[in-house]
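Enquirer: Protein chains in written order, with our numbering: chain R, 44 to 383; chain H, 44 to 383.
Just to be clear, a hint being listed does not mean it is correct.
Only some residues are given here: those of chain R computed to face chain H with a beta carbon under 7 Å [said to hold, decoys possible]:
id	residue
1	Ala227
2	Val293
3	Gly323
4	Glu324
Here are the computed lysine-lysine pairs in the DSS-like style, where the Cα-Cα straight-line distance is at most 25 Å [claimed, not checked]:
id	chain 1	residue 1	chain 2	residue 2
5	R	Lys288	H	Lys126
6	R	Lys273	H	Lys288
7	R	Lys288	H	Lys167
8	R	Lys279	H	Lys288
9	R	Lys126	R	Lys288
10	H	Lys167	H	Lys126
11	R	Lys126	R	Lys167
12	H	Lys167	H	Lys273
Just so you know, the hints here were simulated from the structure itself, not pulled from any lab data. Heads up, the beta-carbon is just placed ideally off N, CA and C, and yes, glycines get one too.
Protein chains: 2
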Amino acid sequence: MLKFTNRYRNSVLILILGSLLGACASSPATEPPDPLPSWNEGSSKQGIVEFVRDVTDSDSEHYVAPAERIAVFDNDGTLWAEKPVYAQLLFIFDRIRAMAPDHPAWQTTQPFQAVLEHDYETLKATSRDSLAHMMGIAVSGTTSEEFDAFVVDWIASARHPVSGQPYTSMVYQPMLELLDYLEANGFTTFIVSGGGISFMRPWTEAVYGIPPERVVGTSMELEYEVVDGKPIIHRKPALHFLNDKSGKPVSIERFIGRRPIMALGNSDGDYQMLEWTTAGEGRRLGMIVHHTDGTREWAYDRDSTTGRLDRGLDDAAAHGWLLIDMANEWNRVFPAEEPE
Amino acid sequence: MLKFTNRYRNSVLILILGSLLGACASSPATEPPDPLPSWNEGSSKQGIVEFVRDVTDSDSEHYVAPAERIAVFDNDGTLWAEKPVYAQLLFIFDRIRAMAPDHPAWQTTQPFQAVLEHDYETLKATSRDSLAHMMGIAVSGTTSEEFDAFVVDWIASARHPVSGQPYTSMVYQPMLELLDYLEANGFTTFIVSGGGISFMRPWTEAVYGIPPERVVGTSMELEYEVVDGKPIIHRKPALHFLNDKSGKPVSIERFIGRRPIMALGNSDGDYQMLEWTTAGEGRRLGMIVHHTDGTREWAYDRDSTTGRLDRGLDDAAAHGWLLIDMANEWNRVFPAEEPE
């Protein structure tokens, strides 16, 4: 057995003691790192930090119990890019092309033919009903599990038509930080999107840390059936619920069952979700991503067909909603960028 | 400054070291208390404990990541008593009586008149459609928040017609223990009930520890509207979704977005939920509460109109579903009882 002097033995014990104390207690000696480094100092960052401070401070009149700290986020244009065209629309076109061999008539039937021929001029001129009919076909006719597999394959292989990046790289770095910051402060975050619930769920957990059960979106009719002893859930070519505009507060009530205290959107499709959220009692926060950055992202609002923001821009101040000026308030838009 | 001998100083340091180690690591010196004390040793308790052990053991071939540990529970007859009549039906009768002053015609219109006169013979003979129509009226015509308040008031004041206890005392103690045991093992528990989603949510968190966003049930159509500048959600007198039988797997897919690994029910209304759950890949557990206890609770199965269990009783063994024999496997049914 090794022999130590008492002095040396004491030193060793004190070292161990010190490391154990370090392991047990957290050391607040240094300033904690900024949880929102991609947000420049400004009204949006200040609004978020003050809101979170108020609702988490048990001595504040604005304190909100953790269970009630519900924050809802739109997806397209709020958590990830929606330009030049919704990712889900490209997914639908790819599904139509993959299904085409089983549907020879599509070669000469619009709007299928236009999709197969990449004829976007014809698609632009196609009626809403006709497009909706095609979209219904593209996202139905399979089991729920087959559809999940299509989405998983697509999201892994598809590339954004402008950046050439995977779609999962087209998420906003400041929003990833905000989601983490809210979770760290006892919030429960939900996606409440006009996009398809089944198009989002297979990847939201890996990309945003938001599990399937906290994703609310547009949904198709489903049907349960046992085929050859095997239970399956069929996706039917009929819309069950369109989760846009007034549909958003309705599905918040139906899925979440509590009124959120914080809502983030970017278009007039989010107006009612913000309105419902911020009209509640007590401290509330509504925020709108304003796409002002034509260099790093896209600049659009009132005149855009995708993500039109018109009424929301007019009424934001009256409702106390904060506009997030992307060009000036975000020093980084996408995760791969260097901070400015 | 006090002076210690080296030997004494070493002893003190070692004592501190020991207590710190104790604080850092959990001490498994004593046998942990039984997490399921109201369950007698038997096939159900063994089935639960072995299932939880298998899916939480990272060295097991049956290991399931925490995010996928979804367990779904029916409510009426599975988590709380459904005899002699569903609690929600009594709530609906009470709502009709409370609304009656504004509807003088109900005094002479069936089935409203029967409710006002406590004429249960007439109600029993009333057609399903006529009852459903009345039920729709009883749970609509208000805002979502007004309805929450009605439920909160009712659940606080209503008494079970046989026991005279509050309904929230009519929950099953073994199930409260099971819910806690699953949560402690990284499961996420959901209620998937044929009952009204809005009738359950105001009290499930306090009673079961299950928050509103993890309650799935039958729902009415909702409508968002801004009235005099105040946003409200109207409850409409039209059924949105009947969450029973094949509706249960459909709403599991819609609300949760993952297939559960564990499902508990008690009637044929839960058959498809159990079927969908246990047909999945890997280790699964399906369980049926068999109401065999005519002394402490009620004894019923194939011939009961409320909570009929017929097909499930025939097929349980073939599916590998465990029947929970209430009379023999639960040493306590309700929280207020002394264990047997």
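Enquirer: Given a cut of 7 Å on the nearest C-beta pair, is the interface hint for R:Glu324 held or broken against chain H?
Expert: violated (10 Å)
Enquirer: Tell me if the straight-line CA distance from H:Lys167 to H:Lys273 falls inside 25 Å.
Expert: violated (42 Å)
Enquirer: Are R:Ala227 and chain H close enough, Cβ to Cβ, to be under 7 Å, as the hint says?
Expert: violated (18 Å)
Enquirer: Less than 7 Å between beta-carbons is the criterion; does R:Val293 satisfy it with respect to chain H?
Expert: Nearest chain H Cβ about 5 Å off; hint holds.
Enquirer: Is the straight-line distance between the alpha-carbon of H:Lys167 and that of H:Lys126 25 Å or less?
Expert: holds (15 Å)
Enquirer: For the pair supplied as a hint, R:Lys279 and H:Lys288, is the alpha-carbon distance within the 25 Å limit?
Expert: Judged against 25 Å, a Cα distance of about 19 Å means the pair holds.
Enquirer: Have a go at the R:Gly323 hint: is there a Cβ in chain H nearer than 7 Å to its own Cβ?
Expert: violated (9 Å)
Enquirer: Checking one constraint from the list: CA of R:Lys126 to CA of R:Lys167, max 25 Å. Satisfied?
Expert: Measuring from Cα to Cα gives roughly 15 Å; hence the hint holds.
Enquirer: Take the C-alpha atoms of R:Lys288 and H:Lys167, compute the straight-line distance between them, and say whether it is at most 25 Å.
Expert: violated (43 Å)
Enquirer: Check whether the Cα positions of R:Lys126 and R:Lys288 lie no farther apart than 25 Å.
Expert: holds (20 Å)
Enquirer: Between R:Lys288 and H:Lys126, is the straight-line Cα distance small enough, at 25 Å or below?
Expert: violated (42 Å)
Enquirer: Does the alpha-carbon distance linking R:Lys273 and H:Lys288 stay inside the 25 Å limit?
Expert: holds (16 Å)
Of the numbered hints given earlier, the model fails hints 1, 3, 4, 5, 7 and 12; all others are met.
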